[in-house]
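Chains A and B, in that order, give the protein sequences.
Its first residue numbered 3, the first sequence is counted upward by one per residue in the numbering used here.
Its first residue numbered 25, the second sequence is counted upward by one per residue in the numbering used here.
Warning: the hint list may mix true and false statements.
Unchecked claim - Subject to a maximum C-alpha distance of 25 Å in a straight line, what follows is the list of computed DMTMM-like cross-link-like pairs (lysine to aspartate or glutamate): (1) B:Lys106 / A:Glu94; (2) A:Lys90 / B:Asp55; (3) B:Lys107 / A:Glu69; (4) B:Lys107 / A:Glu94; (5) A:Lys31 / B:Glu52; (6) B:Lys107 / A:Glu77; (7) B:Lys188 / A:Glu29; (8) A:Lys90 / B:Glu170; (9) B:Lys130 / B:Glu170; (10) A:Lys93 / B:Glu172; (11) A:Lys93 / B:Asp55; (12) B:Lys161 / A:Glu64; (13) A:Lys31 / B:Asp124; (14) A:Lys93 / B:Asp80; (15) B:Lys130 / B:Glu99; (16) B:Lys188 / B:Asp124; (17) A:Lys90 / B:Glu36; (18) A:Lys93 / B:Glu170; (19) B:Lys106 / B:Asp191; (20) B:Lys110 / A:Glu94; (21) B:Lys130 / A:Glu94; (22) A:Lys90 / B:Glu195; (23) A:Lys90 / A:Glu69; (24) B:Lys110 / A:Glu69; (25) A:Lys90 / B:Asp166; (26) B:Lys82 / A:Glu94; (27) B:Lys149 / B:Asp166; (28) B:Lys188 / A:Glu94; (29) A:Lys93 / B:Asp66; (30) A:Lys93 / B:Asp124; (31) A:Lys90 / B:Asp124; (32) B:Lys82 / B:Glu99; (33) B:Lys188 / A:Asp41; (34) A:Lys93 / B:Asp191; (35) B:Lys143 / A:Glu94; (36) B:Lys110 / A:Glu64; (37) B:Lys161 / B:Glu172; (38) B:Lys106 / A:Glu69.
For the record, the hints were derived by calculation from the structure and aren't laboratory data.
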Amino acid sequence: MAIVAAPMRKETIRKARERIDVRLRPEQKSEIKGLTVTDFIIQNAVANARQAIREYETWTLERPDAEIFAAALMEPAALGSQLTQAAKRYKERFLSQ
Amino acid sequence: MSQNLPSGYYFEPLAEQHDRAAFSCGNEALDHYFRGDPIRQDVSRRVTNAFVLTPDGKFVAGFYTLSPISILSVELPPSLQKKLPKRPIGATLIGRMGRDLSLRGKGVGEMLLMDALHKAWQASKLVSCWAVVVDAKEGARDFYMENEFTPFATQPDRLFLLMKKIDLIFE
Chain A
3 MAIVAAPMRK
13 ETIRKARERI
23 DVRLRPEQKS
33 EIKGLTVTDF
43 IIQNAVANAR
53 QAIREYETWT
63 LERPDAEIFA
73 AALMEPAALG
83 SQLTQAAKRY
93 KERFLSQ
Chain B
25 MSQNLPSGYY
35 FEPLAEQHDR
45 AAFSCGNEAL
55 DHYFRGDPIR
65 QDVSRRVTNA
75 FVLTPDGKFV
85 AGFYTLSPIS
95 ILSVELPPSL
105 QKKLPKRPIG
115 ATLIGRMGRD
125 LSLRGKGVGE
135 MLLMDALHKA
145 WQASKLVSCW
155 AVVVDAKEGA
165 RDFYMENEFT
175 PFATQPDRLF
185 LLMKKIDLIF
195 E
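Generate coordinates for the entire structure from the input sequences, incorporating the hints supplied.
Structure, rendered in structure tokens:
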């Protein structure tokens, strides 16, 4: 097992040290004022990750989807036969006691 | 249909004693999620709740997951905007649902969906909820359409059923 485990660990360490090679033009340098390139990248990665998580938790409906949703809200609610029957079968089996 | 499912099956929250390893719904990604660590991690981190249909507390006939989701509507014309607040509203997401292949054709999917709707409806009495939303996996879209879910336009595999309609089922 040790023989197998050792190279895997080395591989992990090697990967953890991989470099990101970024060169900035002078005007770009002035845009990241006060930060090292590393800090700049990390800050932005974290901000993007937070944004991605927010977007997952809060789902923004674009216009066609929002219209479909709002239009459904305006309609009076009515059950069709499939849901009515499915509900009957479910209630008989699981909610009858 | 459900008449074919033997009696004695019941729903309960997913727990360690359930035989997750034996479960197969035929969808590789869903099976991987349910059999392996992902579902356990999601449940322990409270990312999702998971419920199973079982006859004995071990065998899993089917499962589904519920989690909260917020929906924000933008760019609505004024006539429709009146119906929706400009801030996010709450909904319940059925993120995943699967039925064991051995119980195909016995109406298990219908029972899973109805139980999910029932739990979402119960929860809506405590925390406001506008709709149940599903992410339909391959082949499941028709099933939700048959059960009166409405697909969104830009993401046709995401469908919703309004809580005011679910109210009619359980009130």
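Hints versus structure:
no. : hint                : verdict
1   : B:Lys106 / A:Glu94  : violated (39 Å)
2   : A:Lys90 / B:Asp55   : violated (30 Å)
3   : B:Lys107 / A:Glu69  : holds (11 Å)
4   : B:Lys107 / A:Glu94  : violated (35 Å)
5   : A:Lys31 / B:Glu52   : violated (47 Å)
6   : B:Lys107 / A:Glu77  : holds (11 Å)
7   : B:Lys188 / A:Glu29  : violated (56 Å)
8   : A:Lys90 / B:Glu170  : holds (16 Å)
9   : B:Lys130 / B:Glu170 : holds (16 Å)
10  : A:Lys93 / B:Glu172  : holds (18 Å)
11  : A:Lys93 / B:Asp55   : violated (29 Å)
12  : B:Lys161 / A:Glu64  : holds (22 Å)
13  : A:Lys31 / B:Asp124  : violated (57 Å)
14  : A:Lys93 / B:Asp80   : holds (20 Å)
15  : B:Lys130 / B:Glu99  : violated (44 Å)
16  : B:Lys188 / B:Asp124 : violated (31 Å)
17  : A:Lys90 / B:Glu36   : holds (21 Å)
18  : A:Lys93 / B:Glu170  : holds (19 Å)
19  : B:Lys106 / B:Asp191 : holds (22 Å)
20  : B:Lys110 / A:Glu94  : violated (40 Å)
21  : B:Lys130 / A:Glu94  : holds (16 Å)
22  : A:Lys90 / B:Glu195  : holds (13 Å)
23  : A:Lys90 / A:Glu69   : violated (32 Å)
24  : B:Lys110 / A:Glu69  : holds (14 Å)
25  : A:Lys90 / B:Asp166  : holds (21 Å)
26  : B:Lys82 / A:Glu94   : holds (24 Å)
27  : B:Lys149 / B:Asp166 : violated (29 Å)
28  : B:Lys188 / A:Glu94  : holds (22 Å)
29  : A:Lys93 / B:Asp66   : violated (30 Å)
30  : A:Lys93 / B:Asp124  : holds (22 Å)
31  : A:Lys90 / B:Asp124  : holds (23 Å)
32  : B:Lys82 / B:Glu99   : violated (49 Å)
33  : B:Lys188 / A:Asp41  : violated (49 Å)
34  : A:Lys93 / B:Asp191  : holds (14 Å)
35  : B:Lys143 / A:Glu94  : holds (16 Å)
36  : B:Lys110 / A:Glu64  : holds (13 Å)
37  : B:Lys161 / B:Glu172 : holds (17 Å)
38  : B:Lys106 / A:Glu69  : holds (12 Å)
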